[in-house]
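Keeping their order, the protein sequence lines are chains A and B.
Under UniProt numbering, the first residue of the first sequence is numbered 1, with each subsequent residue one higher.
Under UniProt numbering, the first residue of the second sequence is numbered 1, with each subsequent residue one higher.
Simulated from the structure, these hints should not be mistaken for laboratory data.
Even for Gly, the Cβ is constructed at its ideal location relative to N, Cα and C.
Any given hint could turn out to be false.
[To be verified] Once the Cα atoms are required to be at most 27 Å apart in a straight line, the calculated BS3-like pairs of lysine-lysine come out as:
hint, chain 1, residue 1, chain 2, residue 2
1, B, Lys12, A, Lys12
2, B, Lys12, A, Lys13
3, A, Lys73, A, Lys112
4, B, Lys85, A, Lys71
5, B, Lys136, A, Lys71
6, A, Lys66, B, Lys85
7, B, Lys17, A, Lys12
8, B, Lys118, A, Lys112
9, A, Lys112, A, Lys71
10, A, Lys91, B, Lys118
11, A, Lys112, B, Lys85
12, A, Lys73, B, Lys136
13, B, Lys17, A, Lys13
14, B, Lys23, A, Lys66
15, B, Lys85, A, Lys91
16, B, Lys85, A, Lys73
17, B, Lys23, A, Lys71
18, A, Lys13, B, Lys23
19, B, Lys136, A, Lys112
[To be verified] From chain B, some residues computed to sit far from chain A (all C-beta separations above 12 Å):
hint, residue
20, Phe7
21, Leu15
22, Pro48
23, Thr100
24, Val102
25, Arg163
[What the hints assert, rightly or not] Here are some chain A residues pointing at chain B (derived, C-beta under 8 Å):
hint, residue
26, Thr16
27, Leu22
28, Thr23
29, Arg27
30, Tyr72
31, Cys83
32, Ser84
33, Pro85
34, Thr86
35, Asp87
36, His88
37, Glu115
38, Gly116
39, Pro138
40, Gly140
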Amino acid sequence: MGTQNFLWTFAKKYFTVGVVALTISDRYASIVPVRGVSMSPTFNPHSSNHSSTLMGSNDDCVLVEKFCLEKYKFSPGDVVVFCSPTDHREKHVKRITALPGDWISSPGDALKIPEGHCWVEGDNFASSLDSRSYGPIPLGLVRGRVTHVVWPPQRVGKVERRIPQDGLPF
Amino acid sequence: MRNLPPFLMIVKEGLDKTLTVAKFLCALHVTNTYLCTSVMAQGPSMLPTFNLTGDLLLAERISARFGRVGPGDIVIIRSPENPRKIVAKRVKGVEGDSVTYVVEPKSSDRCETVVVPKGHVWIEGDNIYDSNDSRKFGAVPYGLIQGKVFWRIWPREGFGSVR
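Turn these sequences into a full structure, and let the hints steer you where they fit.
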């Protein structure tokens, strides 16, 4: 009888903590690992494509804030987390390089970003699947904005807004 | 407990009450985001299914999260033209489907066929004469879907499941 009571209280406590943590992670900020090298050298500057699949401990962890989802107001150069337009279960991290109304020049022609969309690109131009493949993405797919790197300790710091010059890698 | 000055007792009670309210609000958020939410739909694009002046609907979040939204379902979706707006439309095709639609029903009967790309859905309002949907802005990514409408709460005459 006593053990049952104890287990029940324990379960209730766990459940409450879980619900509160989920709310905070949805509405305010959460910490997520970043996989892959498409954002080198901003995230994962030293891993190669082969080793990144081995262990999560090599991945950078970043702080993602959710306050930006109130007004969906972003600036060029923001790094954002968004649902992939080709698979809604996957989340990608890329940098916004153009907002609605801006013009993007791709080899051959110029493209105007439609209302409610944005153009995302990875910092590592050579190996990044981004808007250059699937076009501008609706801002409604954005799930948060990356503000800081929190792991590994030697690279803890703010993620700066940077506007890349056309064609020049970082 | 008995030895605490009355001031601290009040502070403790205040904190307990605040914590209870906070826990309740968190539970509300989790239910709203992961189980079921209510939405007010207004406008002419879903006539005759939904009224012009506004219907209060219940939408469940579980089908969308598990990818179980299919053609014929009414979904609430974040507008690709304005991320702050949520609209209600019917899904006419999912990825891989071939959708045939009337481009401008008010002026001609010209039809076009399009294949829905991977990870996208094709949405149309039931009232194709007055609906801003995939016929204007193309197929939308599945990730914009916020939920599937399954019940109408208001107006009372329409109370019941929505097909």
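For each hint, the structure was consulted:
1. Straight-line distance between C-alpha atoms of B:Lys12 and A:Lys12 comes to about 21 Å, which keeps the hinted pair within the 27 Å bound.
2. Proposed proximity of B:Lys12 and A:Lys13 is supported: the alpha carbons are some 19 Å apart, at most 27 Å.
3. The suggested pairing of A:Lys73 with A:Lys112 holds, with an alpha-carbon distance near 19 Å, which does not exceed 27 Å.
4. Our distance criterion of 27 Å between C-alpha atoms is met by B:Lys85 and A:Lys71, whose separation comes to about 11 Å.
5. Pair hint B:Lys136 plus A:Lys71 holds up; C-alpha atoms about 25 Å apart against a cutoff of 27 Å.
6. Taken as a hint, the A:Lys66 and B:Lys85 pair is honoured in the structure, with Cα atoms around 18 Å apart against an allowance of 27 Å.
7. Distance restraint check for B:Lys17 and A:Lys12: the Cα-Cα separation of roughly 18 Å lies within the 27 Å cut-off, and the hinted pair is therefore satisfied.
8. Our distance criterion of 27 Å between C-alpha atoms is met by B:Lys118 and A:Lys112, whose separation comes to about 23 Å.
9. For the proposed pair A:Lys112 and A:Lys71, the alpha carbon gap of about 22 Å is at most 27 Å, so the pair holds.
10. The hinted pair formed by A:Lys91 and B:Lys118 meets the criterion: a straight-line CA distance of about 16 Å does not exceed 27 Å.
11. With a C-alpha separation of about 22 Å, the suggested pairing of A:Lys112 with B:Lys85 holds against the 27 Å cut-off.
12. Distance check on the hinted pair: A:Lys73 and B:Lys136 sit about 24 Å apart at the alpha-carbon level, within 27 Å; holds.
13. Simply put, B:Lys17 and A:Lys13 have alpha-carbon atoms about 17 Å apart, close enough for the 27 Å limit, and the pair holds.
14. The hinted pair formed by B:Lys23 and A:Lys66 meets the criterion: a straight-line CA distance of about 20 Å does not exceed 27 Å.
15. Restraint check: the Cα-Cα separation between B:Lys85 and A:Lys91 comes to about 22 Å, which is no more than 27 Å; the hinted pair holds.
16. The hinted pair formed by B:Lys85 and A:Lys73 meets the criterion: a straight-line CA distance of about 14 Å does not exceed 27 Å.
17. Distance restraint check for B:Lys23 and A:Lys71: the Cα-Cα separation of roughly 26 Å lies within the 27 Å cut-off, and the hinted pair is therefore satisfied.
18. A C-alpha spacing of about 11 Å is found between A:Lys13 and B:Lys23, which places the hinted pair at or below 27 Å, so the restraint holds.
19. With a CA separation close to 17 Å, the supplied pair B:Lys136 and A:Lys112 stays within the 27 Å bound.
20. With a least beta-carbon separation of about 28 Å from chain A, B:Phe7 lies farther than 12 Å from that chain, consistent with its non-interface assignment.
21. For B:Leu15, the shortest C-beta to C-beta distance to chain A comes to about 15 Å, beyond the 12 Å cut-off, and the non-interface label holds.
22. For B:Pro48, the non-interface assignment is confirmed: its Cβ lies about 28 Å from the closest Cβ of chain A, beyond the 12 Å cut-off.
23. Under the 12 Å C-beta cut-off, the non-interface status given to B:Thr100 relative to chain A holds; the minimum distance is some 23 Å.
24. The claim that B:Val102 lies off the interface holds: its Cβ sits roughly 23 Å from the closest Cβ of chain A, which is beyond the 12 Å cut-off.
25. With a least CB separation of 24 Å from chain A, B:Arg163 remains clear of the 12 Å interface cut-off, as annotated.
26. Satisfaction of the interface hint for A:Thr16 is found here, the shortest Cβ-Cβ separation to chain B being roughly 6 Å, below the 8 Å cut-off.
27. Given hint, A:Leu22 at the interface with chain B, holds; its Cβ is 6 Å from that chain's nearest Cβ, closer than 8 Å.
28. Interface restraint check for A:Thr23: the shortest CB-CB distance to chain B comes to about 4 Å, inside 8 Å, so the restraint holds.
29. With 8 Å as the threshold, the beta carbon of A:Arg27 comes within range of chain B, its nearest partner Cβ sitting at about 7 Å, so the hint holds.
30. Because the smallest distance between the Cβ of A:Tyr72 and any Cβ of chain B comes to about 4 Å, under 8 Å, the interface hint for this residue holds.
31. Proximity of A:Cys83 to chain B holds as hinted, the smallest CB-CB distance being about 3 Å (cut-off 8 Å).
32. Annotation: interface hint on A:Ser84 holds; nearest CB of chain B at approximately 7 Å, less than 8 Å.
33. Look at A:Pro85: its Cβ gets to within about 4 Å of chain B, closer than 8 Å, so that hint holds up.
34. Evaluation of the A:Thr86 hint against chain B yields a held restraint, the C-beta minimum of about 4 Å falling below 8 Å.
35. Hint status for A:Asp87 relative to chain B: holds, with the closest Cβ pair at about 5 Å, below 8 Å.
36. Contact between A:His88 and chain B, as hinted, is supported at the beta carbon level, the nearest pair being about 4 Å apart and thus within 8 Å.
37. Among the interface hints, the one on A:Glu115 holds; its C-beta lies about 5 Å from the nearest C-beta in chain B, closer than the 8 Å criterion.
38. Given hint, A:Gly116 at the interface with chain B, holds; its Cβ is 4 Å from that chain's nearest Cβ, closer than 8 Å.
39. The beta carbon of A:Pro138 comes within 4 Å of a beta carbon in chain B, closer than 8 Å, and the hint placing it at the interface holds.
40. A hinted interface residue such as A:Gly140 counts as satisfied when its beta carbon comes closer than 8 Å to some beta carbon of chain B; here the least separation is about 3 Å, so the hint holds.
Violated hints are absent here; each numbered hint is respected by the structure.
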